[in-house]
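Using the sequences and the accompanying hints, generate a full structural model.
There are 2 protein chains.
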Amino acid sequence: MKNKVVGIDVGGTTVKIGIFSDSGTLQQKWEIPTNKSDNGAHILSEIYQSLIHKGVNPLHVIGYGFGVPGPVVNNITLGCVNLGWGITDIKDIFGKYAEHSHIVVDNDANVAALGELSYGAGIGKSDLVMITLGTGIGGGIITAGKSVKGAFGAAGEIGHIVVKHGGRLCNCGTNGCLETVASASGIIHEFLTTKEELQLQSIVNENNVSARTIVDAARQGDSVSMIVIDRLAFYLGYACHIVSLATNPEMIVFGGGVSNAGEFLLDKIKQQFKQYHFSAVQNTEITKAMLGNDAGIYGAASLVIND
Amino acid sequence: MKNKVVGIDVGGTTVKIGIFSDSGTLQQKWEIPTNKSDNGAHILSEIYQSLIHKGVNPLHVIGYGFGVPGPVVNNITLGCVNLGWGITDIKDIFGKYAEHSHIVVDNDANVAALGELSYGAGIGKSDLVMITLGTGIGGGIITAGKSVKGAFGAAGEIGHIVVKHGGRLCNCGTNGCLETVASASGIIHEFLTTKEELQLQSIVNENNVSARTIVDAARQGDSVSMIVIDRLAFYLGYACHIVSLATNPEMIVFGGGVSNAGEFLLDKIKQQFKQYHFSAVQNTEITKAMLGNDAGIYGAASLVIND
Chain C
1 MKNKVVGIDV
11 GGTTVKIGIF
21 SDSGTLQQKW
31 EIPTNKSDNG
41 AHILSEIYQS
51 LIHKGVNPLH
61 VIGYGFGVPG
71 PVVNNITLGC
81 VNLGWGITDI
91 KDIFGKYAEH
101 SHIVVDNDAN
111 VAALGELSYG
121 AGIGKSDLVM
131 ITLGTGIGGG
141 IITAGKSVKG
151 AFGAAGEIGH
161 IVVKHGGRLC
171 NCGTNGCLET
181 VASASGIIHE
191 FLTTKEELQL
201 QSIVNENNVS
211 ARTIVDAARQ
221 GDSVSMIVID
231 RLAFYLGYAC
241 HIVSLATNPE
251 MIVFGGGVSN
261 AGEFLLDKIK
271 QQFKQYHFSA
281 VQNTEITKAM
291 LGNDAGIYGA
301 ASLVIND
Chain W
1 MKNKVVGIDV
11 GGTTVKIGIF
21 SDSGTLQQKW
31 EIPTNKSDNG
41 AHILSEIYQS
51 LIHKGVNPLH
61 VIGYGFGVPG
71 PVVNNITLGC
81 VNLGWGITDI
91 KDIFGKYAEH
101 SHIVVDNDAN
111 VAALGELSYG
121 AGIGKSDLVM
131 ITLGTGIGGG
141 IITAGKSVKG
151 AFGAAGEIGH
161 IVVKHGGRLC
171 NCGTNGCLET
181 VASASGIIHE
191 FLTTKEELQL
201 QSIVNENNVS
211 ARTIVDAARQ
221 GDSVSMIVID
231 RLAFYLGYAC
241 HIVSLATNPE
251 MIVFGGGVSN
261 AGEFLLDKIK
271 QQFKQYHFSA
281 VQNTEITKAM
291 LGNDAGIYGA
301 ASLVIND
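Chains C and W, in that order, give the protein sequences. So the first sequence is numbered by this note's numbering: it starts at 1 and just counts up by one. So the second sequence is numbered by this note's numbering: it starts at 1 and just counts up by one.
The reader is advised that the hints may include incorrect statements.
Below, computed lysine-lysine pairings styled on DSS-like, alpha-carbon distance capped at 25 Å [as the list claims (entries may be wrong)]:
no.	chain 1	residue 1	chain 2	residue 2
1	C	K54	C	K36
2	C	K164	W	K268
3	W	K2	W	K96
4	C	K29	C	K16
5	W	K270	C	K164
6	C	K274	C	K125
7	C	K125	W	K146
8	W	K164	W	K125
9	C	K164	W	K274
10	W	K288	W	K29
11	W	K146	C	K146
12	C	K146	W	K125
13	W	K274	C	K270
14	C	K2	C	K91
15	C	K274	W	K164
16	C	K16	C	K2
17	C	K268	W	K164
18	C	K146	C	K288
19	C	K16	C	K36
20	C	K274	C	K164
21	W	K288	W	K270
22	W	K274	W	K164
23	C	K29	C	K91
24	C	K146	C	K16
25	C	K164	W	K164
None of these hints come from the bench; they were simulated from the model. Since this is a predicted model, take the numbers as computed values, not measurements.
This is the structure in structure tokens:
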């Protein structure tokens, strides 16, 4: 009897795997290291082997959902730099191991957003945007319950929207992307340059500076950190404004390490968002993600359950 | 035999009506004045009467598609200020005249975008954004062939995205929305203030200034107009950048009066868009709308045909 759904979140360091009931209850989860040798050629076979090793019977599996770190169009990823993958047809490759299976693939940021929508902060919603603040900035947009992929799988690339014209150069080649000022390294850079420019003292130890320590220092009243966090909130509030008018989500969910800094940063982002007055989107809810690192496996499972 | 589709574009001044074959060929079109008396209570009955008067047999109609100037969620408009309508269930009201009919309703900007997608500049595409430059700025976003409505029907409100922080106050209550610098009146305002600030002469007659005359003057080398149009192109290029990363359309289509100014403005917008380098969206096509004022009836018909 087919009664299990497998959610697989393929990351650059680990692959997270979850076994779910057909109604979406997580029954078992584990992770395996991502084998990036031979341009990631062994990743999919190792996922299948791991499932078998854990006692998952392929005959009981309704389907396999995958979240992968790259653009996806029609279940094919156009490339995942962090895995060594070029254009990769996961459905075709994984389908050779798990024959006659239902396989659905989406981008990891979309999948995390779907996870929060179906099982996390956004239960009951159908229009949601998730912004993940980490080493980079990920974005996933859901409208009418489905992730927006776009023509080239690049929908929801919120981290590369310019929010500071003439700002610092981003890896993408443009100056002043959201990622240059609001990613973990962007926040540290803003802190160091602001401290230097304003010649201020700070309680933050420069040898051990992180986005989290800066948020904590701002909460304690450290002047440089407060300036940096207020500016961060301005940029993130502006990003919320932009997405609220683009696809008009009912809820914007912040995930990732920086967003774990409690309500302090979130409250500041909400204040900034309120500076924009277009009435129809004033009630857009801004909140924190709930599923943490499990958002990916939940969302990957939901790809199958809601397909 | 049911073999006709009716596309209805309800505007503040006129209602445009088109009769289409079931494959989307326009067979007949006309317009009637929008009767705004009694808070627009007669608009829908007058549309039905006009159809009967023109010899349309309701028994031959597969369905009626409506584009209306306000937010729409689940076929219900939350209000159309220009028509005098509050929350209005068109399906219910019009369904009393045209019994047992298929009725589909969407926002007018979405419907125009669907028209261009199905029968105009975007034939063959499934991801498209349309930006209409007129008295205001309308936006319609299509992903995977469907218009994005959002939680409160406010998706695609591109005209209210802030592009100039601290800029002029918009009707929506926010400063520096795209509409304040790139709508017809916004362009005139930018022209007059720039001329005043820089104390420059211009070939544009201030008593007869319009967005179109400013574009024409810029093409002839008028300095103030050139400055204004370059800045306009910067703002519109930035808007294209934002939507290209939000929903990643294959094509962005400009419609409305200002966009009829030939390739001159469009080329400048394209140049500005190229300043943003995120590779996956570099090939987003930017082009002019093709259907002019008929985009609405075509799109309204496509709501029925593609439903």
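Run the structure past the numbered hints and jot down the numbers of the failing ones, going up. Hints 8 and 13 contradicted; others consistent.
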